[in-house]
Amino acid sequence: MSVSRNNSKSIQPYPYKKQSWFSSFADSDNKVGWLFILPFLILWAWWFFYPFVQSFIRSFQDMNFAAMDEAKFIGLNNFIQILQDPEFFQAVLHSLQIVLIAVPTQTLLGLLMALLVNQKIKGKGIFRTIFFIPYITSQIAVTTVFMMLFKQGTFLTNFFGIFGFGDVTWFADTSYALIFVAILFIFQQAGFSMIVYLAALQEVPKDLYEAAGIDGASKWDKFRYITVPFVKPISFFVISVSTILGFQIYDQIAAISRYGALGSPAGATSTVVTYFYQHGIRYMNIGYGSAAVLLFFFIILIITFLQKKLLDDKE
Amino acid sequence: MKKKMSMLLITMLTISTILAGCGNKEKTTIDANPAVKSTTPVTVSLGFWGTAQDLGIYQQAVKDISAVHPNIKLEIKQYPSSEQFWNTLPGEIAAGVAPDLIKLTNEGAFEYIHKGLFEPLDELIKPAGVDLSLYNGVDIWKVDGKQYALPISTMPAMFLINDDMWKKAGLGAYPKTWDEVQVAAKKLTTKDVHGIVINIDAFHITNYVKSYGGDWGYGKTINSPENVKAVQKILDMYKDGSAVTPKSIGYGWDGEVFANNKAVMTTGGYWYKGYLKEANPDLHYVALPVPEGTVHNSTMHSDGYVVLKDGKNKVEALQTASFLTSEKVLTEFVKVGNNPSLKSLSSKFFEVNPEFDAVKPAIEYSTDFQYPIETKKFIDELIKQLEGTILGGSNKTAQEILDKVQEQFK
Numbered sequence: 001m002s003v004s005r006n007n008s009k010s011i012q013p014y015p016y017k018k019q020s021w022f023s024s025f026a027d028s029d030n031k032v033g034w035l036f037i038l039p040f041l042i043l044w045a046w047w048f049f050y051p052f053v054q055s056f057i058r059s060f061q062d063m064n065f066a067a068m069d070e071a072k073f074i075g076l077n078n079f080i081q082i083l084q085d086p087e088f089f090q091a092v093l094h095s096l097q098i099v100l101i102a103v104p105t106q107t108l109l110g111l112l113m114a115l116l117v118n119q120k121i122k123g124k125g126i127f128r129t130i131f132f133i134p135y136i137t138s139q140i141a142v143t144t145v146f147m148m149l150f151k152q153g154t155f156l157t158n159f160f161g162i163f164g165f166g167d168v169t170w171f172a173d174t175s176y177a178l179i180f181v182a183i184l185f186i187f188q189q190a191g192f193s194m195i196v197y198l199a200a201l202q203e204v205p206k207d208l209y210e211a212a213g214i215d216g217a218s219k220w221d222k223f224r225y226i227t228v229p230f231v232k233p234i235s236f237f238v239i240s241v242s243t244i245l246g247f248q249i250y251d252q253i254a255a256i257s258r259y260g261a262l263g264s265p266a267g268a269t270s271t272v273v274t275y276f277y278q279h280g281i282r283y284m285n286i287g288y289g290s291a292a293v294l295l296f297f298f299i300i301l302i303i304t305f306l307q308k309k310l311l312d313d314k315e
Numbered sequence: 001m002k003k004k005m006s007m008l009l010i011t012m013l014t015i016s017t018i019l020a021g022c023g024n025k026e027k028t029t030i031d032a033n034p035a036v037k038s039t040t041p042v043t044v045s046l047g048f049w050g051t052a053q054d055l056g057i058y059q060q061a062v063k064d065i066s067a068v069h070p071n072i073k074l075e076i077k078q079y080p081s082s083e084q085f086w087n088t089l090p091g092e093i094a095a096g097v098a099p100d101l102i103k104l105t106n107e108g109a110f111e112y113i114h115k116g117l118f119e120p121l122d123e124l125i126k127p128a129g130v131d132l133s134l135y136n137g138v139d140i141w142k143v144d145g146k147q148y149a150l151p152i153s154t155m156p157a158m159f160l161i162n163d164d165m166w167k168k169a170g171l172g173a174y175p176k177t178w179d180e181v182q183v184a185a186k187k188l189t190t191k192d193v194h195g196i197v198i199n200i201d202a203f204h205i206t207n208y209v210k211s212y213g214g215d216w217g218y219g220k221t222i223n224s225p226e227n228v229k230a231v232q233k234i235l236d237m238y239k240d241g242s243a244v245t246p247k248s249i250g251y252g253w254d255g256e257v258f259a260n261n262k263a264v265m266t267t268g269g270y271w272y273k274g275y276l277k278e279a280n281p282d283l284h285y286v287a288l289p290v291p292e293g294t295v296h297n298s299t300m301h302s303d304g305y306v307v308l309k310d311g312k313n314k315v316e317a318l319q320t321a322s323f324l325t326s327e328k329v330l331t332e333f334v335k336v337g338n339n340p341s342l343k344s345l346s347s348k349f350f351e352v353n354p355e356f357d358a359v360k361p362a363i364e365y366s367t368d369f370q371y372p373i374e375t376k377k378f379i380d381e382l383i384k385q386l387e388g389t390i391l392g393g394s395n396k397t398a399q400e401i402l403d404k405v406q407e408q409f410k
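Chain order of the listed sequences is S and V.
Mapping of the first sequence onto the numbering used here: position 65 corresponds to residue 65, and the numbering continues sequentially without gaps.
Mapping of the second sequence onto the numbering used here: position 385 corresponds to residue 385, and the numbering continues sequentially without gaps.
Hints are not guaranteed to be accurate.
[What the hints assert, rightly or not] In silico DSSO-like cross-links for lysine-lysine, where the CA-CA straight-line distance does not exceed 30 Å: (1) V/Lys191 to S/Lys72; (2) S/Lys151 to V/Lys186; (3) V/Lys220 to S/Lys72; (4) V/Lys115 to V/Lys191; (5) S/Lys151 to V/Lys220.
The set of hints was computed from the structure by calculation and includes no laboratory data.
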């Protein structure tokens, strides 16, 4: 039941009249809102919906780039073939592994960096910039630099050797290549998480910390009972976006696989995106590739839905 | 509010479905009888990958073509690498933005020819005024009786040795067989330098295969005994530490390893000349025929200009190709190591490139790659299986590796 806006002490029910869709649009406030989002909706329909629908249709077709007009309907054959292909499941597994390693790590790192630059310390502006630079740097440039740093016999590989890692070129070894990709993702994505958490931290009322301090709360107590509840809502956003980006990782793998097969070495860095690219683009089997992407879309949708259930705090 | 959003989304979905269903019905009609010589100005776009020297030659050709074909404006598009080219081209063709004319090698062309991406030139030759009898290597580009490219060059693969390092090691005569290569490679390997770099790449593997009397048989003989012997030799050289892959020491390809003096020997092709000249002008190397496994054989590499099926102005595109294979332009390519297909320039090649003189006999016996029609899938599978053993420690034998690849091409 809605409440009227008059200032009388007794609350009167507002006479609610159901509006039609058209009159809702014609309402001047709503009209302005629709006009504001219309350009986005048009572009979104053109760049997302239309290709998505095309991809959906193609996934049921045997279609080749060389003869797109000769596409023929083959029902669920593409999906059946994909689900019988062990390489697809290997690609899904690798994608999941990257996400499970990289997303929590870069989220935590982002939060820690945000906590650091939220302090009253000298040069925090410089720290903020340094932490954010990897996020805005070209992925290929970062990958190229990391490839030089993680070559056999370099300082970093020797450093990691202390922890039991072999002195090998990480991106050329099937045991380390996927971890290398995860490290790249963490390095680049943590800056984005930091900025988002920083915005959330700056919304936390300072007097809460002061009051807690007066009541004898430790730093850990303040973090646990004040900071965490305030950043929890934004964590869903950070984790969802990072998960989606983690599943979409491609440029770094393409850079590593240069001069070799995508997913190199020996398919150790193959992901669902590289699987789609190989079949849909490289082998020109666009129908098969579209089916792989559609399956992947539903996987991400389910994961995002589960994340929302677990993490989203409506209160 | 939620209901209104849902209705809006459903409306957009419906519109998109209708648009998607209606899209792409038009087909570009091919003019089967193009005009003999048009004076209408046309732009012909050329796509290629290559070295900076290649780019320089094409940039000059852009300026010079108008003297021969006043109506043709040539635009060039360079791709960063061969795999970028092969990966980008299908998308460009589908989007209708692919170049009209492309320079490519016979190594990957077979798949595209069979998938109908290239225009057969037979009906364009007369209108374009092209005389095929002037060229060598025409038959390399003939499939099912149809001509698909104007050949630019033909050159066998070769074996390169860092002459300074070889002489410093006091090893005497250059190796003629893979067994001799293996022995020499062991002696040449030190802490910082490997005797031989073997790129896990179909081109290099195929040369080993051919030298053992094998071939891929267009997918029918992938796991033949000869091929197994060749791959086993490669695995043996990795196992005894004399061979290294570029990737495992942080390089992209074997040319980089060779140029940086990190390996003494490698298989390669004429294009290494242009690259090494830029990368390490002080490097002294010798070029020899690919060593013998059991026979004299290696791959014959041919570059050619093909006209894309969906290209515009096909006759002008072929005229452009004809100009680019004229004496004037090919003479420039000779200087960077291309053995020109033009018969009139055949003798000039070895005059200008005396370092390739030892490779001359290989012209007689080198043969085509004979990859399966699904070439890219074959290359990816072959590389994946080899990397699994060499970089992943999977301990598969050569027989198991090639059996696994053969399974995909029954």
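Checked hints:
no. : hint                 : result
1   : V/Lys191 to S/Lys72  : 58 Å, violated
2   : S/Lys151 to V/Lys186 : 23 Å, holds
3   : V/Lys220 to S/Lys72  : 28 Å, holds
4   : V/Lys115 to V/Lys191 : 48 Å, violated
5   : S/Lys151 to V/Lys220 : 39 Å, violated
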